[in-house]
Structures are given as structure tokens and as C-alpha cells.
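Chains A and B, in that order, are what the protein sequence lines are.
When the letters of the first sequence are read in order and numbered with the working numbering, they come out as residues 1 to 233.
When the letters of the second sequence are read in order and numbered with the working numbering, they come out as residues 1 to 1011.
Treat the hints with care, since some could be wrong.
[To be verified] Calculated cross-link-like contacts (lysine-lysine; reagent style DSS-like; alpha-carbon spacing at most 27 Å): (1) A/Lys-114 x B/Lys-81; (2) A/Lys-14 x B/Lys-15; (3) A/Lys-223 x A/Lys-207; (4) A/Lys-32 x A/Lys-176; (5) B/Lys-910 x A/Lys-132; (6) B/Lys-13 x A/Lys-21; (7) B/Lys-999 x A/Lys-158; (8) B/Lys-15 x B/Lys-44; (9) B/Lys-13 x A/Lys-14; (10) B/Lys-414 x B/Lys-276; (11) B/Lys-174 x A/Lys-14.
Think of the hints as simulated: they come from the structure by calculation, not from any bench.
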Amino acid sequence: MTYISVKNLTKIYKMGEITIKALDNVSFDIEKGELTVVLGPSGAGKTTILNILGGMDSATSGSVIIDNNDIAKYNSRKLTDYRRYDIGFVFQFYNLVGNLTALENVSLASQICKHPMDSSEALKRVGLLDRKDHFPAQLSGGEQQRVSIARAIAKNPKLLLCDEPTGALDSKTGKKIIELLQDTCHKTKKTTIIITHNAVIADIADKVIKVKNGKIESITVNKKPKLVKEIDW
Amino acid sequence: MLIFKNSFRKIWKSKGRVLSLILIVILGTSFFAGVRETASDMIKTLDNYYDETNLYDFKIVSTMGLTDDDIASLEEIEGIKKVEGTYSFDTLIDGNAVKVSALSDISEVTLVDGRMPKNNNECLGEEGYYNIGDTIKIEDDTYLESNTCEVVGTINSSSYIYENKGISIVGDGKLDSLIYVPKNNFKLDYYTEIYLLAEGTKNELSYSDSYDEIIEKVNKELQELKPLRETARYEEILKDAMDKVAEAENELNSVKAENETKFNDALTELNSNKIKLDEGLEEYNSSLYTLNKTKESTEEEINNGFNALESAKTEFNNALASTGLTVESLQPTLDTINTNITQLEEQLKGLDPSDSLYETLNARLNELKTNKTNIETLINTNNTLTERENTLNSSLSTWNNEYSKALKELESAKKEIDDGYRELEKGYNEYNTNYNLYLEEIANYEREINDAKAEIQNIEKPVWYLLTRSDLTGYTSFYESATKVDSIAAVFPIFFILIAFLMAFNTMNRMIEEERSEIGAFISLGIRKSTIAFSYLLYVFIACILGLVIGLSIGYTLIPRILYTVYAASFTIPELSTYANPYACLIIVLTTIILMSLVVFITLIKDFRLAPATILRPESPKSGKKILLEHIKPFWRHLSFSWKITLRNLFRYKKRIFMTVLGIAGCTALLLTGFGIKDSLSDLLDIQYGDITHYDATLVLNDDVDLDEVTKSLTDNNLTNYTNTNISSFTFKANNKNLDFTLIAFMNEDSVDDYVTLKSLDGSDLNLSDDGVIITEKMAELLNAEVGKNISIRNSDNELFIVKVSGITENYISNFMYMNSTYYKEIFDDDSYNSYLVNLDDSINKEKLSNNLLDTGYFGAIQYTEDNMDMFNDIIAGMNNIVYLIIAFSSFLAITVLYNLTIININERKREIATLKVLGFRDREVSSYVYRETIILTIVGIIVGIFLGFSLNTFILMIAETDEILFIKIIKPLSYVLSFIIIIVFSIIVQVITYFILKRIDMIDSLKSVE
Ligand SMILES: Nc1ncnc2c1ncn2[C@@H]1O[C@H](COP(=O)(O)OP(=O)(O)O)[C@@H](O)[C@H]1O
Ligand SMILES: [Mg+2]
């Protein structure tokens, strides 16, 4: 069942005289519950895809049908609601609110959705329940990213979007984070998209979309995705 | 250098922040520079005006006029540049008191419209009172050759710049307008005034100490000359008067001499006439006497004749009777006898003698012969008697004729004499009348001469009044107004600029902190620290210099003009010339730049001290310690996240909070102070003249007037509410200055409350006591006096009196001392009164009343409380204007500060805000997340500001207070409310702006990198 259907998506950034075609006629489909990895070199257009999928940016042309709704046609208010109820985001730089504890950061997101997961439960999932009263400054990068993931899953989103979640972490910690994400995806059956430039990670995905210069290079479906434990970093 | 390019980019990118920084600098510097410069600009403008019009430095008027000799001796004084004698007089034209002056070179008039007069039939009228073409008719013809003139131009005079032109000796006592005529239209033989220009005063600023110094020096010289010239003038006048007396005496004497002989001659003639008449009368009398005597004797004689005749007649008649005959029968009898005789003789002839017959016949004949003889005798006798009677009768008639003739003669003579006497009497009467008239005339002459002599005795020595510019109402009032500006300007802008600096400091400080990682990157790249510092300095300088240039231009031009316009309403003064004070400019620019650089350095040095690696890492948020409130679990648990964030933010970033609160508090304080000053001023007049000294007018009595008559004239003018008082000017010494106050002694203390309300500072009523005075609050403060203490005061003759203070009364304007008649008598040994305090009916026409009362000649002056109010109103209007400016600028500053604080806040939180947006927070939710903090800080700021403002208000009023005015140090509830509302409204406006800024924050951009 096709959950996400991107068709002829083009994104052009205009910077004065210069126009940059960040995405050029991109089309792909993602099934519900699939773990998708978007691969590609820096500047390929991965983040742009994710931002558009996450309702943070608008498409120049093309359609982005998610759960039968074309979000490319949404206005900013509808996009806000879309982000509010349907999307869980994990950033490269965690973006936790410094003045809230781990638990509060999770609750911050969950309090505004319709069917949130219990915040402590979410923290427990990422294994940080014992640190729930700590502030981001008191946590390591990996721990912060885990809080960030807890915050994303606590919203019970339809779509979990992760933009280079391991980019700011050492490989060991990165691995743990990817493991957590795969685990979550499998357990909750949430459609998850992970962006990375690390090809190794591609092996754990159900589907791998390779992007290059704003174009889709290839879409491969992994019949047997590996577990994180099995891959070599 | 790329790093500077970075600076410029930064400026462009953070337009809002730079703009608010520039605005703050503009507001701070323009207000500071402008308000501080206003008084000096005002004074410079007026000084120019005075210089251009050659306003006199000294004016001399004398009680007896001034002469060319006076001018000559004044010209000899060192330090005098120019001397000019000129004329003026006050006269009533259509009921208005008008000063008619000669056009002079010193104290020139400024032609507003029209042209200068060309002849004596033309004149100039004051602008606003006369129009070109008006015809002026002056009733009093003592002064001018031509008393009618046509207005050919309108003018202003630098001597009369204030709407209150001072006093006039005519009309209701207030000078209304000015007229100028050519000097040679005056026909006086003395000058009424002399104008002086002192050497070097034009180079000095009027009102300045150096100007006063010159004036003081010349004044000393003038004071030395004054008695000499007074004496000289006295002697001159005395000589003139004595000459006149001598001349009059001579005249009298010659008149006397001339008339005396005339009268003497007349009298002599009259007298000699009288003698003649008397002689005539005597002659007449003696003639009459003689005549009467003659008449008597003659008549006696005649009577005797008649008597003798009568007796002879009787004898005759007897004889006759014996004969038996009558007078008529005598002749016939005789004739018969004669016939008988003849017959007998014939018979005898024939008869012999012997014949018996003969014998018989002879005997018969003899008998007949005897008879014949007898009859003949009788006839003779009868004839004689008849003759005698005839003689007697004729002599009687002759006499009678003679007598009546003589009598007639005498009578006519008498009539003549009587006429003569009547004439004489008339002459005497005439003489007497004339002589009496003459005597009266002479007596008059003599009296006049004596009076003149007495007057000479009484000729008072002329008194010179040496007047300076400060005796001009306008000159001083203007200075008062200007210094009122200064008194507020002295301190207020400092607080203003302080807040501006604080905000600029805050902005820079937080900007540098924000860009910590960038600085770290620069350092790690090996860029010199000085270069980095310079890149920030550049940022600051661009903002500051832009702000300074605009701020100083506004400050030096716009602000003085705004403040000046109010004065232009009550003063007739030229356009304001604005001056940029280069020293002040330099100081402001240097201070701003130095302070800003200091901010940059202080903030940077903290970073520079650290190793580049440390700087590169984001400053770890102040450790996630819990704030105190979190320990109150039930409370904390119920808070929403945004509240938790807000509270944590509030309590964690103390410096930031401090700055924000201080900024808002500062603006609130400034606003509140502005309103507070206005409050203090607005009720001042109403309280002073409505609640405290609430009488409507003061009538000052002239010396030696009949008090019954005065009372009558008061009744005639329907004045019933008045009280007898003794009002006089006194001085007391405080802070090494002699300060004036008015002593009011109530002769009838029962009525005090109707005119003045005496209330002690705690609000209780005060009563005049028999052994002490009540003084006003400010005076007590200046004298450091308390109830029961003695204070010393001096009267206008500098005599010292010691009085005991029995009470201190609430009072705000001017200083007063009140006492009752008992204590007054004890201290001054006097129980007379010299003035009335009066309450008027609302319906009374003041101008008419003044005219009526002044016409009686009993009153020297009539002062209406309302006029006093007007004067203070002008001063207060000026101060109010500053207050509006303060309020306006404080409002601007407040909005800028709020904007600045919010912008900084948003900049620091961009990432957090973007995160919230990504999480799906709506715009409203995102803004409220930012607002909450701002609102709390704003409210805290306002509360702090209200306390600050209260102190600031007290402080500024204390500094602005003069020896004359005590401010009511209250801030009305409305002012608190207004200050609160204004800040809140601005805060809301800023929130609206914030809303749109927040909306425009780009999530993707903000999330891209670590900060
Ligand atoms: N806001 C932007 N303005 C202009 N160009 C942009 C913007 N965001 C991305 N790009 C450009 O679009 C292209 C794709 O970027 P992105 O999707 O971030 O690449 P990546 O695959 O590294 O995530 C890049 O060439 C980038 O320069
Ligand atoms: Mg990317």
C-alpha cells in the first residue's frame, strides 16, 4: 500500500539572479510502515526532500501525496497542523529546548497532539527514563539525540523523519541511534525515513533511495534488510 | 578585509537590532543635547535680539527730569559707550494705558510692517495693538508738539517682550501698549530718561555672569555719580525756583509801588475834596446860622416896630376913640372944623374983639382951633402910623425877600455840598473796593510767593533711579522661563541618556554573546583579536554615528524649537536661532563612542581570555539546576511547558532579566516623572490661589488719605468683602541670598479665613497668635525654622527685626509671613494699615473697578490675584511643555527599548522558536511563548519603574524647585495608570510586530547549524 507518493517533485531556490534546482523532477513511492533510507552525497537534495515531506518547505512543482493528501497544495496553516499531528522529526543537531528537562522536552511535543504516547513511556523506549529530569546540557550528544527521538515518537506520528541523525555523533553512538530507529520502526510500524550519506546504513532499510544532483539515481527495495547489529560500521 | 564585510552583512541581516540601536542613540542624544541646549539657545537668541536693537544696559529716570549736563557727566564715566537722553510718558488712549516714547538709537524698535515716521504727524504703534493707518489722538498736550499722529508702521520693542509690560501710572495700573514718535515731536525742556550702553556688554551674553560683572562695575561708577547729579539737578531746580520767586517778588514790588502811589493820590484827592466839602458845609452852616440870626434880629426889630406901631396905634386909637371919631371921619371932621374956623374967623373979623359974641365966638374959635390941632395931630399921627406900618411892612417884605433869596442860595450851596459828599462817598467806596481788591491781589501774590518759597523749602532732592535690564519685566520673566527649562534640563536628560546607554550596552553585549562561536572560529582561524574587536567596533560605530548625527541634528534644532514655541506665545520674541554647542557635541560623541567601545571590549575580553576551543563550543547553558519554584511541586506540576520555560528563563539569565527590567523600569520611571512633574504643576496654581491665598485683589492705599473717604469709595464701588491689612515687603537671608517675602498683618484677625487659609503641614487649621508669626513652608525650609524658634527679617530699609515662629503653613508660590495686629504692634509699634485684601463678586468688571478706584487717588495700586496667576501660568506652561516633551520622548524611548529587548530576545531564541515551529506549534502558540516572558518582564519593569519614577520625580522636582515655588510632590493615580497603560500599549504594539517577525522566522534556516 503506497503511503507516500512523490511525483515530479521539483524544488528551485531562487537567490537573486541565481536559481538552484535542488530537486529536479523527483518521483518515488514509499509503503506504509517501511523504513526508507535516502542516500546521497552532500548537496544532493536529501534534506530538501525531507523538508518537503515534513511540511517545512514547499514544493516548486509536483505533487507530494501522503496518506492520500497532496501536502504540496497545503497552505502554511494546514502544514502546521500536518507537522503537529502527523510528523515526528529527528534533527542532526537534536534541537532540544535547553530550559526543559528530557521529560519536558518530550512532553513539549506530545502535549500538542491528539493521541500522544506517554512521555515517560517514550523516554523508556529510548532507555533514558532514569535521566528524565536532566536538562539537555547535562546529557551527551547521543543521549540528546535519543531524547530527540523520544520526542518524535511520543507524538505518535504517522511519519518519522530523521535528517542525518548520526551526523553529529561518533560511530558507536550513531549505531545505537540507528538501531533505536530501526527498532522503533519495526515495533511501531511507523513509516520512517532516515537521511544519511553513510552507505552502510542503507543495508538496514526496506527501501533505499539514492539521490544525486537533485535527481533520483536509483530506488532499491531490500528484500532482506539487515539488522543494525549485523552491519559493519 | 572579509571580516569587515562580515560586519556589514551582519548589520544588514540584523536590521531590526541595528535600527533599534540607532533609534535609542537618536532618542538619547537628541533629548540630552536638545533639552540641555534649549535654555542656552533661548538666551542666545534673545541676546542677539538685544544686541541688534541696542537694548540699553542702564536706564536712568529722575523724579525731576534729566538734562544735557547729566548726559555730559555720564559720558565722562569710564565704561560708558553711549549716552542718549530721550522722552516718554504714559497716557490714556480709549481707556488703555499707553506709553508714548521717543524713537531712540539706544533701545531701538524693530519695524514689523510699514515704515519709520517722517514727520511729527506720523508715529509707530505696537504690533498687535495698532494697524497702519490708525490715527492716534493724545489728549494730554503737555508733552508733544503734535498730539495727533497717524500710524505708519508697526513695531516690537526688545524692552517689552513679555505680554505683561509692567506697571503704568495711568489707567488701571497696567501698561497696555506702546507708541513711538519722532524725538523732536517732544517739546519738553528736560529728558524724562537717559539710556546708557556700557562698553563691552555686547560681547557678553545677556544674563551671563560676565555681563552682570560689567554692569556691576559700571553701576558702581553710576552710583558714585548719582548723588552729585542729584545735587546738581537739585541746585539747578532750586535756583530756577528761587529766580522765579525773586522775579515774582520784584514784580510784586513794582506792582505794589505803582499802585500804592496811585491809591495814595486818589486818597489824598478824596481827602482834600472832603476837606473842601467840610469847609463848604461849615460855611454853609455858619451862613445859615448868620442868616437865621439876622432873620431873628431883623424879625425882632420888625416885630418891635410892629409892637411899637401897635402900641402907637392903640394910643392913637385911644386918642381917636376919645374923640369919638374914626380914622375915616377925621379928614371930613377936620375939613368941617376948617370950614367952621374960616366962618368963625370971618364972623370975628366983623366983630369987635370986645363984643361978647366975640368973646364967645373967639372962645369957640379957640376951641375949634384946639380941635383942629387935635384932629390934625390925629391925622398926622395916623399918617405917621400908616407910614410907619408901610415902612414896617415894606421892610418886612424886603427882609422876607432877602431872606428867601439868601436861603435859596444857601440851599443850593448845600445841595452842592451834599452832592459833593455823595460823590466823595462813592469815591471812597470805589477807592476802598479797589484798594481791597488790590490788597487781596497783593496778598495773593504774597501768598503765592510764600507758597513758592515754602515749596522751595520743600523741593525734594531729585532722585535718580538707576535701572538695568533686569528691571524690565520681559527681560527677567524670559530668563525665569528659560532657567525653568534649564532646571529640568539639568538632570532629566542624564537619566534619559543613561537608559539609552544601558540599552545599547545590552544590545551589544548580547549580540557578542550570541556570536560567540563565530568569534571562536575567527580566533581559531588566527585572525588577530584586535581585528575581531574592530569588526564589532565598526558595527557599533556605524550604528552610533548614524544615531549621533541624526540625534544631534534633531536635538539641536527640533527640540529647542518645540520648547520655544510655548514661550513665543506669551513673549514677543524673534524666531529661535539654534546653535550646536561644539563642546557638548564633542562630549556626547566621545562619551557615546568610548562607552560603546568599552562595552565591546568588556564583552569580548571575556571570550578572548578563553582558549579558542572553548569558545568554539557553545557556552554550556547555566547548569540545569532547578529553580526554587520547582521545589513547590503542586504548583510546578500544574504549569504548562511554556510557563516552565518562561520561569526558568526568568530565573536563570539574571543579567538579561536585569537589563530588560531596568530598561522598562527606566522608561516607566521617565514617563511617570513626566506625568508627575505635570501633576505637581497642574494643581499648583489652583491650590495656591484657590485654596490658600484665595483673596481676589489687593488694594494698596496711598499715604495720608482720609480713611473715611476711602471706605466710602469702596462702598461706592460695591466692595463689601475686604479686610484691613498691613502688607509690606521684607527679606530674609538664606543660603547667602537675600530672599523676598511678603508680610501680611491682619488688623482684624476674625476675617483671616475669608482671605487666606492657614493650614499646618499636617492639615490642621492654624490661627494667628498674639506672640508669633506664621510663615510659609518654603520659607521655613530655607530658614531651617521650627515652631517656637526666632527668625530674623529685614524691612526694605534694612532694619532688622526678630520674630517668633508660631506656625508653618502650607504654601506653594512665593513666601509669606502672617501676623495679627497685636503681634504686629508689638514688633513694629504700629497699628496702621496700608492695604486691603478684597474678595470680589464674580460679576465685577475688574478694569472698570481699577479705573474707578485709581481715579479716587486713594489707591496706589490694585493687584488682582488672577494677574499673578497668569504670570505663573506662563512659567508653568513653559515647564509643562518640557513635560510633554519628556513624556513624548520617554514614550519613544519606551517603545524602542521594548522593541530592542524583544528583537534581542527573538534573536537569541531563533533556534528554539524554529524547533517549536517544526514541532507543529501554531504561530499564536509560538508568539505567546515569547510574549509571556516579555509581559512578565514588562510588568515587573513597570512596578520597579513606578518606584524608581517616584524617587526620580521627587529628585527632579527638588532640583527644579526655586526659592519662590514649592512643588506639590504628588503623583496622581491617573499618572500611574497612564504610565502603566502607555508601557503596556507599547508592549502590545511591540508584540504585534514580534508576531510578524516570528512568523517570518525560517525553520529550515534556523535549524541548519549549531550555534
Ligand atoms: N535555503 C536554500 N537556499 C538556496 N539553496 C539551497 C537552500 N537549501 C538548499 N539549497 C541548495 O539545494 C541543494 C540541495 O541541498 P540539500 O538538500 O540541503 O542537500 P543535502 O543533500 O546535503 O541535504 C544544495 O545545492 C543547496 O545548496
Ligand atoms: Mg542535508
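- Message: With the threshold set at 27 Å, check whether the alpha-carbon distance from B/Lys-910 to A/Lys-132 stays at or below it.
- Response: 25 Å, holds
- Item | 27 Å limit on alpha-carbon distance, applied to hinted pair B/Lys-13 and A/Lys-21 | With Cα atoms ~25 Å apart, B/Lys-13 and A/Lys-21 stay inside 27 Å; holds.
- Given the hint that A/Lys-14 pairs with B/Lys-15, does the C-alpha gap stay at or below 27 Å? 22 Å, holds
- Query: Is B/Lys-999 close enough to A/Lys-158, meaning Cα to Cα at most 27 Å?
  - Reply: Given pair B/Lys-999, A/Lys-158 holds - Cα atoms ~26 Å apart, limit 27 Å.
- Message: Hint check: A/Lys-223 vs A/Lys-207, CA-CA at most 27 Å. Holds or violated?
- Response: Cα-Cα ~9 Å, so holds.
- Message: Next pair to validate is B/Lys-414 with B/Lys-276; report whether the Cα-Cα distance is within 27 Å.
- Response: Roughly 13 Å separates the two Cα atoms, so the pair holds.
- Sort out whether B/Lys-44 lies within 27 Å of B/Lys-15, counting only the CA atoms. 40 Å, violated
- Message: Check the hint pairing B/Lys-13 with A/Lys-14 against an upper bound of 27 Å on the C-alpha distance.
- Response: 18 Å, holds
- Task: Starting from B/Lys-174, check that the Cα of A/Lys-14 is at most 27 Å away, please.
- Result: 80 Å, violated
- Given the hinted pair A/Lys-32 and A/Lys-176, is their alpha-carbon gap at most 27 Å? The given pair, whose Cα atoms are some 24 Å apart, holds under the 27 Å limit.
- Message: Holds or violated: A/Lys-114 and B/Lys-81, Cα atoms, limit 27 Å.
- Response: Since the Cα atoms of A/Lys-114 and B/Lys-81 sit roughly 96 Å apart, the hinted pair is violated (cutoff 27 Å).
Checked against the numbered hints given earlier, this structure breaks hints 1, 8, 11; the rest are met.
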